[in-house]
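Start from the sequences, fold in the hints, and give me the full structure.
Number of protein chains: 2
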Amino acid sequence: MTILTRDDCLKMDAVDPLKTYRDAFALPDGLIYLDGNSLGPQPKAAADLAADLVKRQWGQDLIKSWNTAGWFELPYKLGDKLGRLLGANPGEMIVTDSTGINIYKVLSLALGLNPDRKTILMENDNFPTDVYMAEGLLGQLGDEYDLKLVAGDDILDALTDDVAVVMVTEVNYKTGRLLDMKAIADKAHAVGALAAFDLCHSAGAVPVDLNAAGADLAVGCSYKYLNGGPGAPAFIFVAERHQNKAQQPLSGWWGHKAPFEFETRYRAGEGISQMASGTQPILSLAMVDCGLSLFLDVDMAQVRQKSVKLCDMFIELVESRCGAWGFELNTPRDAVKRGSQVSFNHSDGYAIVKALIAKDVIGDFRAPQNMRFGFAPLYVRYVDVWDAVDRLADIMESGEWQKEIYHARDAVT
Amino acid sequence: MTILTRDDCLKMDAVDPLKTYRDAFALPDGLIYLDGNSLGPQPKAAADLAADLVKRQWGQDLIKSWNTAGWFELPYKLGDKLGRLLGANPGEMIVTDSTGINIYKVLSLALGLNPDRKTILMENDNFPTDVYMAEGLLGQLGDEYDLKLVAGDDILDALTDDVAVVMVTEVNYKTGRLLDMKAIADKAHAVGALAAFDLCHSAGAVPVDLNAAGADLAVGCSYKYLNGGPGAPAFIFVAERHQNKAQQPLSGWWGHKAPFEFETRYRAGEGISQMASGTQPILSLAMVDCGLSLFLDVDMAQVRQKSVKLCDMFIELVESRCGAWGFELNTPRDAVKRGSQVSFNHSDGYAIVKALIAKDVIGDFRAPQNMRFGFAPLYVRYVDVWDAVDRLADIMESGEWQKEIYHARDAVT
Chain V
1 MTILTRDDCL
11 KMDAVDPLKT
21 YRDAFALPDG
31 LIYLDGNSLG
41 PQPKAAADLA
51 ADLVKRQWGQ
61 DLIKSWNTAG
71 WFELPYKLGD
81 KLGRLLGANP
91 GEMIVTDSTG
101 INIYKVLSLA
111 LGLNPDRKTI
121 LMENDNFPTD
131 VYMAEGLLGQ
141 LGDEYDLKLV
151 AGDDILDALT
161 DDVAVVMVTE
171 VNYKTGRLLD
181 MKAIADKAHA
191 VGALAAFDLC
201 HSAGAVPVDL
211 NAAGADLAVG
221 CSYKYLNGGP
231 GAPAFIFVAE
241 RHQNKAQQPL
251 SGWWGHKAPF
261 EFETRYRAGE
271 GISQMASGTQ
281 PILSLAMVDC
291 GLSLFLDVDM
301 AQVRQKSVKL
311 CDMFIELVES
321 RCGAWGFELN
331 TPRDAVKRGS
341 QVSFNHSDGY
351 AIVKALIAKD
361 VIGDFRAPQN
371 MRFGFAPLYV
381 RYVDVWDAVD
391 RLADIMESGE
401 WQKEIYHARD
411 AVT
Chain R
1 MTILTRDDCL
11 KMDAVDPLKT
21 YRDAFALPDG
31 LIYLDGNSLG
41 PQPKAAADLA
51 ADLVKRQWGQ
61 DLIKSWNTAG
71 WFELPYKLGD
81 KLGRLLGANP
91 GEMIVTDSTG
101 INIYKVLSLA
111 LGLNPDRKTI
121 LMENDNFPTD
131 VYMAEGLLGQ
141 LGDEYDLKLV
151 AGDDILDALT
161 DDVAVVMVTE
171 VNYKTGRLLD
181 MKAIADKAHA
191 VGALAAFDLC
201 HSAGAVPVDL
211 NAAGADLAVG
221 CSYKYLNGGP
231 GAPAFIFVAE
241 RHQNKAQQPL
251 SGWWGHKAPF
261 EFETRYRAGE
271 GISQMASGTQ
281 PILSLAMVDC
291 GLSLFLDVDM
301 AQVRQKSVKL
311 CDMFIELVES
321 RCGAWGFELN
331 TPRDAVKRGS
341 QVSFNHSDGY
351 AIVKALIAKD
361 VIGDFRAPQN
371 MRFGFAPLYV
381 RYVDVWDAVD
391 RLADIMESGE
401 WQKEIYHARD
411 AVT
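If you read the protein sequences in the order shown, they are chains V and R. In this text, residue positions in the first sequence follow UniProt numbering: the first is 1, and each later residue adds one. In this text, residue positions in the second sequence follow UniProt numbering: the first is 1, and each later residue adds one.
Bear in mind the hints are in silico, worked out from the structure with no lab data behind them. It is possible that some hints are incorrect.
[Said to hold, decoys possible] Straight-line alpha carbon distances no greater than 25 Å define the calculated DSS-like cross-link-like pairs of lysine-lysine that follow:
{"id": "1", "chain 1": "V", "residue 1": "64", "chain 2": "R", "residue 2": "359"}
{"id": "2", "chain 1": "V", "residue 1": "19", "chain 2": "V", "residue 2": "81"}
{"id": "3", "chain 1": "R", "residue 1": "257", "chain 2": "V", "residue 2": "148"}
{"id": "4", "chain 1": "V", "residue 1": "174", "chain 2": "V", "residue 2": "309"}
{"id": "5", "chain 1": "R", "residue 1": "64", "chain 2": "R", "residue 2": "77"}
{"id": "6", "chain 1": "R", "residue 1": "55", "chain 2": "V", "residue 2": "359"}
{"id": "7", "chain 1": "V", "residue 1": "64", "chain 2": "R", "residue 2": "174"}
{"id": "8", "chain 1": "V", "residue 1": "174", "chain 2": "R", "residue 2": "64"}
{"id": "9", "chain 1": "V", "residue 1": "44", "chain 2": "R", "residue 2": "64"}
{"id": "10", "chain 1": "V", "residue 1": "337", "chain 2": "V", "residue 2": "148"}
{"id": "11", "chain 1": "V", "residue 1": "182", "chain 2": "V", "residue 2": "148"}
{"id": "12", "chain 1": "R", "residue 1": "354", "chain 2": "V", "residue 2": "64"}
{"id": "13", "chain 1": "R", "residue 1": "245", "chain 2": "R", "residue 2": "257"}
{"id": "14", "chain 1": "V", "residue 1": "403", "chain 2": "V", "residue 2": "359"}
The model shown is predicted, which means the values in this text are computed figures rather than measured ones.
What follows is the structure, given as structure tokens:
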């Protein structure tokens with residue numbers, strides 16, 4: 001790519017086939033939001049839906065809304081809808097609980113489906129909760145079980161015939177590195193293992209086709225690129241061929257075969273319903289529909305194409321304009337190996353991110369020195385990339401980032 | 001109690017010390033809502049809070065709200081606040097996840113705290129999810145573990161020195177029967193067992209003092225008498241003396257000692273924080289504050305006094321006015337043994353409840369023949385009890401309940 005001007009960016013925005021989607025989001029004026037990989041912005045439709053949920057569905061219709069507003073069916077309805085985006089068939093996905101809880105379910109299920117194997121294989125820089133949940137599960141099951149942690153590049157080699165299930169994050173939360181799900185699933189199947197994927201940083205960010213990749217199990221969250229709202233419930237995918245063959249242990253009444261019979265003993269629900277556990281937080285759950293609906297209109301190939309350009313431009317501009325200040329790219333340069341985010345390491349990354357935030361460029365920081373920027377093509381413009389780097393250059397040239405206030409640590413970053 | 005007139009009820013309402021609270025709820029005009037034991041009505045404050053959460057906290061402040069709006073601290077802040085109502089000390093309770101997930105955590109924790117024992121004791125008509133979760137947990141742990149189910153009246157006798165933990169619902173979801181938490185905890189401790197309580201139908205309904213009762217562990221939901229909103233997150237209590245001595249296995253990143261260090265391996269958070277697992281559904285979670293705030297103003301002794309009167313009146317009026325139609329009381333007649341709900345069995349209970357709903361009296365039905373009515377003293381008036389029974393008598397006298405439409409089954413009742 002040749003060096004760009006701001007005008008080039010404006011011209012690219014003018015012909016962007018996705019440009020109309022930005023208006024569907026309630027972005028604050030003047031803010032350059034490059035943190036949709038942490039919390040997606042609010043779809044404008046969410047404000048009306050929240051009012052309807054609280055005032056009419058809860059306030060006026062009360063308990064009847066379990067039927068009339070379809071609350072009980074929401075995990076299934078949203079799961080099927082999300083499945084269309086992620087290459088799952090109807091009945092293979094529900095939206096429920098948190099990503100962590102769902103990780104526990106899929107790992108438990110995988111061990112049940114592959115009962116002669118005792119090893120879970122994971123990447124050592126998986127999002128930590130994936131590893132933590134595996135540790136919690138294996139701590140219950142006894143010493144014959146084993147958690148094998150290897151580097152992302154070594155996953156294929158580490159897939160040996162003792163592995164029950166491999167679980168990796170398709171797009172790494174820190175580096176944005178994109179793994180090849182199909183290659184991992186193929187190798188897993190060749191050695192008799194199951195392949196489970198964490199799609200937290202994939203869903204809505206890159207094209208995903210779970211069934212084409214041969215994925216056995218998957219989880220992911222709805223509040224990043226899918227714009228479902230803060231902490232909105234997560235999703236869980238179980239390929240149809242694995243349903244009804246083993247049970248996950250968080251066997252709550254929503255996963256019972258006949259929840260409203262209130263039977264004394266558990267009977268597993270059929271199909272994906274056994275993945276449900278308890279009563280869901282309806283307000284947060286229902287809001288997931290707003291962001292999801294936008295995606296079902298969109299051509300994900302166009303999303304991917306724009307995402308690659310935004311990320312390529314950001315890398316090029318940071319390196320050309322700020323290269324002197326010691327930023328080190330912490331994301332694959334090759335777009336094929338990258339999700340929709342770009343990270344740079346810098347020993348003062350924490351302060352620099354805070355100085356950028358003070359200039360209305362929102363990225364985030366992940367310890368120890370990772371500055372992380374997400375590029376969500378539905379609302380990030382090419383000119384935003386130019387302006388973000390321009391402000392970064394300002395901060396570095398002026399020494400603004402060295403101010404004391406930017407070095408003071410917040411509770412959550 | 002002598003037979004009442006409607007005027008007597010109006011007079012009692014006029015001098016009710018809790019009468020001003022009704023105005024804090026957005027109840028539809030003319031509706032008699034006796035289902036707060038299933039879904040509490042909407043506190044009026046919830047509408048403004050929802051708008052603020054969606055438009056300002058999410059829409060404008062975006063990712064910053066994790067700090068500025070205190071999202072990350074919500075489970076702790078709400079837990080401490082709820083603890084004041086339920087007799088827990090600060091740091092002994094958080095609001096998080098679903099009741100079912102929290103049951104799994106407390107039962108796992110109890111087995112970890114009492115590692116030489118292998119038996120979980122429960123009531124056979126606990127709310128089913130309590131039993132289902134115990135089954136899921138024990139299915140993972142192996143054949144040496146055992147689930148012992150006995151009738152509620154036999155709990156004390158069944159507390160023998162092989163029991164690791166007894167878990168019962170203080171107020172039974174069907175019958176409203178109130179167990180004596182202190183007697184159960186005392187007996188549990190005498191035999192070396194732990195006592196865990198499900199407070200779903202207690203919190204906000206009856207005075208609860210977890211520490212005075214000697215409870216070791218507890219869970220409960222926020223969306224019934226606490227009016228937290230549909231499916232709002234549940235709570236979990238771990239007495240301080242049991243903290244940091246064992247781990248629950250749903251060890252997600254929110255329960256890590258340093259969640260934002262993103263360490264590869266799990267280190268258990270201190271105190272109640274280890275009970276947290278994954279990212280919480282913030283919209284649903286934050287709304288819990290609206291109902292909870294009302295309760296912190298209230299004298300629970302007054303709530304209990306009114307609750308007893310409402311329930312006594314309902315029993316007396318149904319029996320005197322509708323006794324001829326075969327209603328059988330399915331709730332202890334003695335108020336000391338009763339929560340804040342009254343159930344009657346009737347072989348056509350399903351149709352009768354639907355006919356009542358058509359006349360704007362909302363109760364609910366639990367299979368096989370239980371008609372259930374909750375009496376929440378903050379918004380149910382004495383005159384509502386009179387009018388509800390009056391309409392029930394109308395339905396029975398006119399034969400209205402026999403209509404076909406009331407016998408057709410809905411998906412969720």
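Inset, instruction - Check each numbered hint from earlier against the structure, then list the numbers of those it violates in ascending order. - result: none
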